[in-house]
Structures are given as structure tokens and as C-alpha cells.
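**Q** So the chains spell out like this:
2 protein chains.
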Amino acid sequence: MSNMKDVAREANVSVATVSNFLNGKKVRPKAAKDIDLAIKKLNYVRNNTARFLKTQRSAFVVFVVPSVWSPFFSELTFWVQKYLDNLGYKMVLCVSENDYQKEKSYVTMAEEQRVAGILSISYSDLTSHVHSDIPLVSIEKESTGQFSLVSSDNYEGGKIAAKELSERNIDKYIFIGSANHSSVEMNARKAGFIDYCNNHGLKFEIAEVDSRKNDKKKIKNLIDEISNNGKKYGIFAHTDEIALILTQEFQDAGLKIPEHVQIIGFDGWKLTPDTHLTISSIRQNIEEIAKTAVEQLHKEMEDPDHREISRLMIPVAFRAGDTTENK
Amino acid sequence: MSNMKDVAREANVSVATVSNFLNGKKVRPKAAKDIDLAIKKLNYVRNNTARFLKTQRSAFVVFVVPSVWSPFFSELTFWVQKYLDNLGYKMVLCVSENDYQKEKSYVTMAEEQRVAGILSISYSDLTSHVHSDIPLVSIEKESTGQFSLVSSDNYEGGKIAAKELSERNIDKYIFIGSANHSSVEMNARKAGFIDYCNNHGLKFEIAEVDSRKNDKKKIKNLIDEISNNGKKYGIFAHTDEIALILTQEFQDAGLKIPEHVQIIGFDGWKLTPDTHLTISSIRQNIEEIAKTAVEQLHKEMEDPDHREISRLMIPVAFRAGDTTENK
Chain A
1 MSNMKDVARE ANVSVATVSN FLNGKKVRPK AAKDIDLAIK KLNYVRNNTA
51 RFLKTQRSAF VVFVVPSVWS PFFSELTFWV QKYLDNLGYK MVLCVSENDY
101 QKEKSYVTMA EEQRVAGILS ISYSDLTSHV HSDIPLVSIE KESTGQFSLV
151 SSDNYEGGKI AAKELSERNI DKYIFIGSAN HSSVEMNARK AGFIDYCNNH
201 GLKFEIAEVD SRKNDKKKIK NLIDEISNNG KKYGIFAHTD EIALILTQEF
251 QDAGLKIPEH VQIIGFDGWK LTPDTHLTIS SIRQNIEEIA KTAVEQLHKE
301 MEDPDHREIS RLMIPVAFRA GDTTENK
Chain B
1 MSNMKDVARE ANVSVATVSN FLNGKKVRPK AAKDIDLAIK KLNYVRNNTA
51 RFLKTQRSAF VVFVVPSVWS PFFSELTFWV QKYLDNLGYK MVLCVSENDY
101 QKEKSYVTMA EEQRVAGILS ISYSDLTSHV HSDIPLVSIE KESTGQFSLV
151 SSDNYEGGKI AAKELSERNI DKYIFIGSAN HSSVEMNARK AGFIDYCNNH
201 GLKFEIAEVD SRKNDKKKIK NLIDEISNNG KKYGIFAHTD EIALILTQEF
251 QDAGLKIPEH VQIIGFDGWK LTPDTHLTIS SIRQNIEEIA KTAVEQLHKE
301 MEDPDHREIS RLMIPVAFRA GDTTENK
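The listed protein sequences correspond, in order, to chains A and B. Yeah, the first sequence ends on 327 if you go by the UniProt record's numbering, and it's all consecutive. Yeah, the second sequence ends on 327 if you go by the UniProt record's numbering, and it's all consecutive.
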């Protein structure tokens, strides 16, 4: 493989001139032309590893994410990669599958490779493991208070869900949580729902399912209750995944949606940029989350000595689908 | 930031001993203990950029993919990252959005960074742009014949779709293609469908929709035809995305699925590892595609001077959902 010296020799100029040319500095037009020809002839490719080593700056940003195989995470990954790319950073994708040991090994790798920064979405205590002063921005959860956090306004989302249900002739309100999400930030959805119900004298119940186990029995009990009871139910599900499971199970059992029971999820899953699920949901503004997180990280990477720890909250909105009645 | 010399000084050993220790070679127990303490005290993090530069080997693999925001690509990205990680490689995620200029810039970046290899899924002529002798494996499409290809057995998938429909009392068969996928490999689905129909004397028609534009008018014409005609229709859609659009539009227009029209998609979208769409589909074995592609690339990266250009075909299977009748 040819190097900068070979190019200089071929173009009959000094190595410094080649370096200036490659770094966009001014060189004589004749030299520029000769260097250009030499690069093409030698099929010279610049070695950026060497360059980064010299400047101590890397173009890599590590993105630690529990999954990319789920509409929320794949949309988030899409936008994070796009905004990083816009700023000239390359994304090293690290899927943790919620495995703390994997998360730790990714952080170690990031430190060893001297990457420019880390973006993470982790439901464990990942940030407590980061020792170095590497810039890091968390999405959705951050427990230590040592790093910036970008998250949806989950509390407001819970209130909006309760309000939307209350405008649709509901007799009985139920919040169905997710047994596999324990973060303070995500539980704010539940708190918002409860506070709205209490403030408006609405009777509600709290239940929980484990979306990984599908929790057939709990769902069956719920179906029996709704079937044997003339009342109209309104459910706010902690995530779209739970809302989807409930919708399918209810329909399989012959319950009519939205006549017998109305369901609002949380996330607003879009399967592709043009295809979304038809369940009603509190939609997270995932593009805005990604953009805000990347911009915050960029600020911290540009000026690591003056990091400000921020808590950035992104608004959410109700998206009507076919699991709620028209108002 | 401390370096290897600082560790050696702190541990009172030679730099060579520290290097041996870090590379897993044998050192005296006392030295090992002292180095370990020194590393902890100095908060020393190994600089792998320097190491890779020296050995001319990088742990990075660039993955060029049109999107991660779509169930097929997000599942594929999930498995590719997992199998790369198992072999100790880090994935640099490069989303091209089918933009040829972006694809080119990612390849340039890969060559400049001296990454270990490239995995790509591209519907443009990406591989024709790769100049260096960097190991590259394509998924789903490869036109130049210069690089290995891993793809589903699309032709067999088309035959299976026609056969499954023919076992379900269909009067009229339609293939609905995708105006935005022009690769030879994906069009094999259509060829398999046509060949099966011709070989078994089944009457069929060919239509095309552009899933990005939603093609409302073409779909409306189809709905009118099916509604005004007592016949039972069987549709094989080029992708699940098209199958999903058709299913929603048909249902909105009051057509009954599977009574009036049966639909089989292609991909077998799973929204998450545990949630799949309920449309009937020819399911691609995405884990096997990813595994095979990563293993092939690994072989080529380990021994770049003896690369064998392979064409690897992964079997597909029918997955019954609720858009076809039970047999």
C-alpha cells in the first residue's frame, strides 16, 4: 500500500506539500495537479487511523442500545446515526440486549479505542461504570446525575393518556405496566396517569404484565372481567408492545375494540418511515430525542473541559388510531 | 492520560514487561501484581488505535445498509452485530438511505480508516465503486461478480407462494411487485411465482405499486375489480410492506380477508424477537443470512490473499398468518 512519501516522490514535491494539499491548505496549482495525478496513479488511500492518533481525536461515537430489533430502537438508531453522520461522526453500534456485562465491555472498548464519545440507552446502571472523563449522553434513563440525559416527557404523557380516555365515556380506567421496565423515567408515565385520575375523581386500577413472558393468565382474567361486566374499559398501556399484545389477545377472545375496551399505548411505533401501527398511542418524538442527544454530545465532545450536565425533556403527543373511539 | 511508560515506571518494571503482560504473555507473578496495581492507580486505559496501527489490523467492520428503520433491516442489523461481536469485531453502522453518494462516502471512509472489512446491502452498484482489495461481502444483491453474495432463495420463495395460494381455492392469481426494488435477486421472487403458475396452468396477472408513494389509485382499481367480481383472489406481494399496505387498504374498503382475497407477503417481518405481524408471508431466515455473511467475511478477512468468491443461498419457508385461509 502506498503512503504519503510515495505520493510526494511520484508528484515530485515535498511530503509537507502533499500533507498541506490533503488538509485543504493552499498549494501551487501545478503541485495540486501533480499530487492529484499521483494519488490516482498509486491508488493512494489516506490512513486516518494515523491521523487520529496524531491529533488524539477520533471520529467514532459508540452507541450503546438494548436492541435495534424493535420499532422504537430502530427508529432511534436511524435518527442518531443520521445526526451523527451530519456532524462527521461514525457510529459504532453496540447492542447490549440488556446484558450488563456486555454494556461494560462496550464501555471498556470505547475507552480503549479512545472514541470521541458515547451515547447510551441503558436500563441498568451503565453510567456508574464509566470511569474515564469520556463525554457521554444518556437517553431515557440516567441514575448517577454525572451525565446529561435526554428523555421524553413521560409524566406529561401519562396525564395526556388519562385525559384522552376520560373524553371517551370510560367507566373503568386501568394502567397496565411493564414488569420489565423499572426505570424512574419510564415509571413517570404511570405517575402522570395516576395523578390525572386522582385530580379528576376517576376510578382506576393498576396491573402489570411481563411482555417477554406474554403473561397469558393475567390477560385472561382481564378478558373475563371485561366480558362479564357491562362497563366500558379504558386501558393505558406502558408501551406499544403491551398495547399490541393486549389488542391481539382481546380480539382473539371476541372482545370488540374500541366498543368494549379502548387502549392507548406509549411510543407511537412506526414500522418504517411510512408505515405505522394502527393502535392509538402517546407518540414519542424520536427524531427530536436523537437530534437533542447528538447535539448535546457534540457540545461536550467539542469542549470536554466545560461540560454542563443537562436534563433535556422532549414533549410527547397523542396519536389517535383505531383502538380508541372518535371524540 | 498515562501511557505504558508511566505504568512501567510506577510498577518498577520494563516497558517490555508491561507489553508482555498486556498481551497475555507470561511475566513473573510479582511483576504481574505490581503492573496490575499500577494500572489501577494510574487509571491506565490501553490505546488500541496505536496497537491496530502497528499490527495493521483493525477490529472495525463497516456495515452499509439502506435503513435500520424497517423490521427486515432492523432484524438483519441485530444479527449481523451479534455475530460480528461474537468474533470480536465492532460494527460501524452506515445507513445509506439508498443514496449512492452516501454509499460511496462510506466506502471511502472504510478504506481511509483501514477497517477489517465491509458488509453491505445495497440496491445500487455499490460494489463497482470499491477499488481497494478490502474484503467485502454483499447481502441480497451483488452485480459485479467480484464479491461474495449471501441471499435468500428468492426464486424458490416465489414458487412456494404460488403453490400455497393454489392449495386455497383461488380463482385469480396476482403478483404485486415493488416499483422501488429493481435487483435481479429480488425479482427472482416474481420469476418463481410466474414459473409455478405457468407450469400448473394457473391464470395470473402482474401489477406493481410504489410503496413509497402508496399508489392509492392502482390499489383502488384493484379493490373495484375484486368487489365487482364474485371471484376469489390470491395475491403474492413482493414484500411484507406492500402486503401490509394492501391489507389495510382492502379492509378500509370493506373487503374481507381471507374470504374475498388472500394475501401472502415476503420477508416474514418480526417487529421484535417476540412480536410478528399477522399477515401470511414467505419468511426469510434473517439470522442465517447474517450468520453466513459474517462467517464468509471472517474467512476473507483472516486470509485476504486467498479469497473465494461465493454465492450462498439461504432457504425460505411459508409462515401462515390470518391473510390466508386454513388449508
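What the hints contain is simulated information worked out from the structure, not anything from laboratory work. Be a bit skeptical, because a hint or two may be false.
Any copy, or any two copies together, can satisfy a pair, since identical chains are not distinguished.
Calculated lysine-lysine pairs in the DSBU-like style (CA-CA distance at most 30 angstroms, straight line) [what the hints assert, rightly or not]:
no., residue 1, residue 2
1, 216, 232
2, 33, 82
3, 270, 82
4, 216, 26
5, 190, 163
6, 159, 232
7, 82, 291
8, 104, 26
9, 220, 5
10, 104, 33
11, 102, 291
12, 26, 220
**Q** Could you tell me which of the numbered hints above are not met by this structure, giving the numbers in increasing order?
**A** Structure breaks hints 2, 4, 9, 12.
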